[in-house]
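A.B. asks: Be aware that the sequence shown starts at 88, since it is given in the numbering used here, and climbs by one per residue.
One should not assume that every hint holds.
To be verified - Restraint ranges, calculated between C-beta atoms of paired labels, are given here:
1. Pro108 <-> Lys157: 27 to 37 Å
2. Glu111 <-> Glu160: 29 to 39 Å
3. Thr168 <-> Pro148: 17 to 27 Å
4. Ala106 <-> Gly155: 30 to 40 Å
5. Ala106 <-> Leu156: 17 to 27 Å
6. Val104 <-> Gln167: 18 to 28 Å
7. His163 <-> Pro124: 17 to 27 Å
8. Ser115 <-> Val151: 28 to 38 Å
9. Pro124 <-> Pro145: 14 to 24 Å
10. Leu156 <-> Pro108: 18 to 28 Å
11. Cys125 <-> Pro145: 15 to 25 Å
12. Ala106 <-> Gly127: 18 to 28 Å
Honestly, the hints are just simulated from the structure, not real lab data. Just so you know, these numbers come straight off a predicted model, no measurement behind them. Glycine included, C-beta positions come from ideal geometry on N, C-alpha and C.
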Amino acid sequence: MADKTTPLANRSLFARVSAAPAFEALASDVEKGGLLPCPGVATAALPFLAGLLHARFPNRPLLVVVEGLKIQESVHQDLQTWLAREPITPEA
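Modelling step: build the complete structure from the supplied sequences, incorporating the hints.
C.D. replies: So this is what it looks like as C-alpha cells:
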C-alpha cells in the first residue's frame, strides 16, 4: 500500500491498482529481489509503475533504466509528479 508521504489522490489510485492480481504477482516478484524487466510496459506508464512500486516498497532502492536522454528526462519529471507530496497550505 502507498505510504503517507504519497499524495492522497495518488494513494487512492495506487491502492486500487495494487489490489489487481497482476500487480500482486509483480509485487511478489519484486519482494524476491533481483531484476524486474518490464518490456511490455509502455514508456508513458513507466513513471506510474515506478511510483507504485516505490509506494509499495518505500525502503527498497529502485532503478529505472530507459533508452535515451529525452525519455529519461520525461520519466524523471513524471515520476516526480507521481511522488510529489501534498502542498502545505498555511492556516487562515
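A.B. asks: Now look at each hint and say whether the structure bears it out.
C.D. replies: Hints, one by one, checked against the model:
no. : hint                          : in the structure
1   : Pro108 <-> Lys157: 27 to 37 Å : holds, 34 Å
2   : Glu111 <-> Glu160: 29 to 39 Å : holds, 32 Å
3   : Thr168 <-> Pro148: 17 to 27 Å : holds, 21 Å
4   : Ala106 <-> Gly155: 30 to 40 Å : holds, 34 Å
5   : Ala106 <-> Leu156: 17 to 27 Å : violated, 36 Å
6   : Val104 <-> Gln167: 18 to 28 Å : holds, 19 Å
7   : His163 <-> Pro124: 17 to 27 Å : holds, 20 Å
8   : Ser115 <-> Val151: 28 to 38 Å : violated, 20 Å
9   : Pro124 <-> Pro145: 14 to 24 Å : holds, 22 Å
10  : Leu156 <-> Pro108: 18 to 28 Å : violated, 36 Å
11  : Cys125 <-> Pro145: 15 to 25 Å : holds, 20 Å
12  : Ala106 <-> Gly127: 18 to 28 Å : holds, 20 Å
When the structure is compared with the earlier hints, violations turn up for hints 5, 8, 10 and for no others.
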